[in-house]
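Could you build all of it, start to finish, from the sequences and the hints given here?
Numbered by mature numbering (1 follows the signal peptide of the UniProt record, and there is no 0), the letters in the sequence shown go through residues -23 to -1, 1 to 778 in order.
If you are wondering where the hints come from, they were derived from the structure by calculation, not from laboratory data.
Fair warning: there could be bad hints in the mix.
What the hints assert, rightly or not - When the alpha-carbon atoms are kept at most 25 Å apart in a straight line, the in silico DSS-like pairs for lysine-lysine are as follows:
#, residue 1, residue 2
1, Lys488, Lys503
2, Lys381, Lys278
3, Lys95, Lys125
4, Lys682, Lys710
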Amino acid sequence: MASFLLHLILCLLLFLLPSCSVAQTGRDVRVGDSLTAAENPSWISPSGEFAFGFYQPESNKDLYLLAIWYANIPQRTIVWYANEGVLAPKQSKVELNSSQGLVLTDDRGNQLWTSPTKSGVVASGSMRDSGNFVLQDSSSDILWESFKDPETNFSKGRFQLRFQEDGNLVLANINLPSTHANESYYKSDTTGESTISSPGYQLVFNSSGYLYVLRENNQTVMLTQTMAASTTNFYHRVSINFDGVFTQYYYPKRSTGDQNWTPLWSQPDDICIRNRVTTGSGTCGYNSICTLQPNKRPSCKCPDGYSLLDPNDSYGACEPNYTQICGEDEGGPVENLYDFEELTNVDWPEADYALLQPFNEEQCRQSCLHDCMCVVAIFRSGDMCWKKKLPLSNGRVDMSNNGKALIKVRIGNVNPREPYKPVPEKNVKNKDDQILVGSVLLGCSAFFNFLMLSALCLGFFFIYRRKSTKAPYQSNIIETNLRRFTYNELLEATDGFKEELGRGAFGVVYKGALRIGSGVLVAVKKLHHVLHGDGVKEFRTELNVIGQTHHKHLVRLLGFCDDGEQHLLVYEYLSNGTLSSFLFGDTRPSWSNRIPIVFGIARGLLYLHEECSTQIIHCDIKPQNILLDDYYNARISDFGLAKLLVFNQSQTLTAIRGTKGYVAPEWFRNLPVTVKVDVYSFGVLLLEIICCRRSVDPKDSIPEKAILTYWAYDCYSEGSLDALVDYEPEALKDGTKMKRLVMVAIWCIQEDPSLRPNMRQVTQMLEGVCEVPIPPCPCPYNIQTDSEIAHLTTYFTLYLI
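Rendered as structure tokens:
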């Protein structure tokens, strides 16, 4: 059976009533009837148990969600919602229309969502006691129903319930942003391998509250074993929770207001242990530890020495708070730099790379301590030492483990890239030296005393002079986590700058490998410009700022080189290349794989503009400067370099930074340059991601399509967004979101910087937290001076053709 049918079956059977009647008649909603947010009551089912209308989240008193919910439960439990969960402003209205069905409009009359009805004329609608809202024609044939139109949030979950080809109902997590499912962590065991059984083909949630798999020969395999709460007195629902636990809940119909949904049945019993995958992180993110709570739900926590990549996602990945450097570069004995935190019965079973046996605990500690690849050692059974490396996956507490995890941590707040400074011993040796010198002086003749004193004075003079000449250079050493490389080190790391990864305005990027352990891959950017005097000082100052940035959507700067006239930057190496190659290659990437990249870039820019210690304006946002990591997460590179190098890219128009097609108009009008130049470039980039085409294509056979920003607005204003995405089926199916993203992009590319939103507003609009107003035309209709016309003419001539 196709796995896509499963959600449909669940929605059809999810909300139960004590009556087994099939044909239930709800209160009719006539054509022309409407509800207005914050004013009208909801449309209620005949029993009063379900409501359809505008739900107001507690977190926002000015926005509303068009939804269906349990009307008699104080903690309103939503069972369906429209418009992908995007909130609508106060005074928004939903109206029943004979041709379109339910039509949701905002306070200005702009259409936000419609129910996709079958062909036919809608005569009425009704909120039924099953929790299903239906639209019917004059013959009572159903044209649309909420059960068959389950809306999904734009934030796709990592867990999936589906039927396999063999008839097994399974739970598995998927490797986003792809659809690849890992090995299942729960199976219903309903294959047709036995001679007396046949494959499962349908999941049923019946009116008595029992959940079971129906085989093709009508045999049943019960999932709900006992019924502790009858459907006469209790509501029942089944859901896949965001943490991957499949659970059936019940709630008393005659509630006093103090109850919560109570779990009746769930699978698996211990998701922390059962959900062990070979090509994924497991229930929690990488480097995290999963602990099963009494309610059989998992809790995720970073081990000591690690912190969340995203502080707002407690179930996400963790990262180490230090980077170990091997060999002489470590700066001192590892015993003085690292120690271990102990955790009993904790393991990451898929991160092993070595088993040492027989080994006692002290040998295990020493082996991991002196191995730069080792981040955790598991000591078990009295003589087994398992060494593990990053990333740690499937972390969990397992009481049957019979061992302890030795987690390597940095001692104190020592910077792993600063030279090691040993703790000074008592000055016994110094005193001995002083006594010896004094004895020599007293025991020799005056002549020899004179010679020795002269030599000492001369020596102190040269030492002082040498230190004084070096002092200005040393005072400018970057006080950050960045490592300083010599040119020869990077020459060796790149094999003589052999393999080129790409080139741009600031320099050429080469692939390299640092001599750490088995080799750490890096990307080395060799800058074009030669810096002298104050330029070197500014270079180091700006690197200090960049080196302190740390965000999951920024490419991490690892080190630098300013060896004479050579200036190079060393970045982490990202395996999936640039967004440019991803978007404009031979194969068009899917809509579902492109859209998460949008959110990543937006969050990265928001961090640069508002959340890092020093505001950074990128000045050159384009696909070539967006890199993709192993999981196709967007990572912004080259941030801060425009200011760092004070780079004048154009030979014709001075003080312009950026790349043709992405440059904000204020560069040409001598207006103050603010973070809004990045917003403009992001808008262009957003359109490229939506359309999967370059911003400027002078070779296009249709002249109107040559400049993407103009063509996009024409498509939006003419209501032909399907042409904008080249009639891509997946994008058209996600039409509401596509329209929202196009509207956000048009706001970003407004010619007037004051009309553009900031990146926080952009992010909120993209995520549906706030509405997207109708954007005005971004084209320059109000040019008032000849100089402005000349600037724009030059802009279009040099940068867009």
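How the hints compare with the structure:
no., hint, result
1, Lys488 / Lys503, "11 Å, holds"
2, Lys381 / Lys278, "17 Å, holds"
3, Lys95 / Lys125, "12 Å, holds"
4, Lys682 / Lys710, "23 Å, holds"
In summary, the structure agrees with every hint in the numbered list given earlier.
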